[in-house]
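Given these sequences and hints, build the entire structure.
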Amino acid sequence: MATIKGTWKLVHRNKLLQRSSQTLSTLGDRALIFGGELHPREPRDNDVHILRIVPRPNVCSLQEYGNSPSTSRENAGGLPLARVGTASTVVDGKIYYFSGRGGVEMAPIDEQGKVWQFCFSDADGVGWHEVSPVDNSQPVPEPRSYHCMTSDKTNTLYLHAGCPNSGRLSDLWAFDVEDRKWRQLASAPGAPRGGTSIAFSDGKLYRMGGFDGKHELGGEIDIYDIASDRWSTHTFTPDGTEGPGCRSVSSLLAVNVHGRPSLITAFGESDPSALGHAGAGNMLPDAWLWDIELKKWSKIVVDEGAEMPQPRGWFAADVVVIEGKEGIIVQGGLAEDNQRLDDAWVLTF
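Residues in the sequence shown are numbered consecutively from 955, following this note's numbering.
In silico PhoX-like cross-links for lysine-lysine, where the CA-CA straight-line distance does not exceed 25 angstroms:
{"#": "1", "residue 1": "Lys1279", "residue 2": "Lys1158"}
{"#": "2", "residue 1": "Lys1158", "residue 2": "Lys1135"}
{"#": "3", "residue 1": "Lys1048", "residue 2": "Lys1135"}
{"#": "4", "residue 1": "Lys1250", "residue 2": "Lys959"}
{"#": "5", "residue 1": "Lys1249", "residue 2": "Lys1158"}
{"#": "6", "residue 1": "Lys1107", "residue 2": "Lys1279"}
{"#": "7", "residue 1": "Lys1253", "residue 2": "Lys1158"}
{"#": "8", "residue 1": "Lys1135", "residue 2": "Lys1068"}
{"#": "9", "residue 1": "Lys1068", "residue 2": "Lys1107"}
{"#": "10", "residue 1": "Lys1249", "residue 2": "Lys1107"}
{"#": "11", "residue 1": "Lys959", "residue 2": "Lys1279"}
{"#": "12", "residue 1": "Lys1158", "residue 2": "Lys1250"}
Computed spacing ranges between beta-carbons, pair by pair:
{"#": "13", "residue 1": "Asp983", "residue 2": "Val1255", "range": "23 to 31 angstroms"}
{"#": "14", "residue 1": "Gly1047", "residue 2": "Thr961", "range": "26 to 34 angstroms"}
{"#": "15", "residue 1": "Lys1250", "residue 2": "Ser1086", "range": "39 to 47 angstroms"}
{"#": "16", "residue 1": "Asp1156", "residue 2": "Glu1277", "range": "23 to 31 angstroms"}
{"#": "17", "residue 1": "His1188", "residue 2": "Val1255", "range": "17 to 25 angstroms"}
{"#": "18", "residue 1": "Glu1277", "residue 2": "Asp1089", "range": "44 to 52 angstroms"}
{"#": "19", "residue 1": "Gly1259", "residue 2": "Ser1086", "range": "46 to 54 angstroms"}
{"#": "20", "residue 1": "Val1255", "residue 2": "Thr1191", "range": "14 to 22 angstroms"}
Derived by calculation from the structure, the hints in this document are not laboratory data.
All residues carry an ideal CB built from backbone N, CA and C; glycine is no exception.
If you want it as structure tokens, here you go:
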């Protein structure tokens, strides 16, 4: 089994961060956390919790944005409902969110294709903006939860899969944030799923894992070529030796490690709870790196006795830059004892 050495560091712990099914997106040296639940099927809040990452000694301070609309009138409106199972991504220095579960019935939140934008820039107006499709007569993605999003970082976000009112989805959509237009792309191969993960790297999307209603999925990385609107599939043995085991509610992030374009997947649920969303299943403790060019997995290992995050699923994660090098930050989630976690960890190489 190939391995690569990494270092985990606990950077913050706070009761305000105790939650699962939330999102985390990074803007420079800030990690912005939104949504999630402390108790099953009860959205905790609609505040924005901001971790300021300090390179040395790799610790974080916590700020609260609170329930405030944007300081700029352009596109400003109300505030997003508190929600769980939403998804977020960063485009051109702004965070975008789509749907999720909320309200008394915890149904998918239908906002007619609107996305919420959060800025942390005086020039753009700090806070929330509403971004609606320019043409309401055109198709938009149906509301959903436990979907995933990524972006090309410049002008387009990609939305994939998740759980609508019933069943699961395998669709793929693109939203141009400047033109404010949705465009449906080729659906992904394989079973429709929730709790899957997707990442963008060099003109391609990479998708793996998820839950199809009966089983956790694995053994495949599905690759979408944006230019040709086509999917292909790379298979591997999901045995925990040659490659990561089957999982959902995990993470998949595109990271440059030692000069190599790579994907990192970490943690997740390998077997669902008999209680469904109300309980915790079997949570995985491992993290893996996939070299995109070599198409090869390496298990991420730490020094003997070094501290590590406990196993978890339903957490939030994103890429972070520490002293000029890319790593990942992992925050919160659901532990095997069905408790929500209140920590934040950074993985570096």
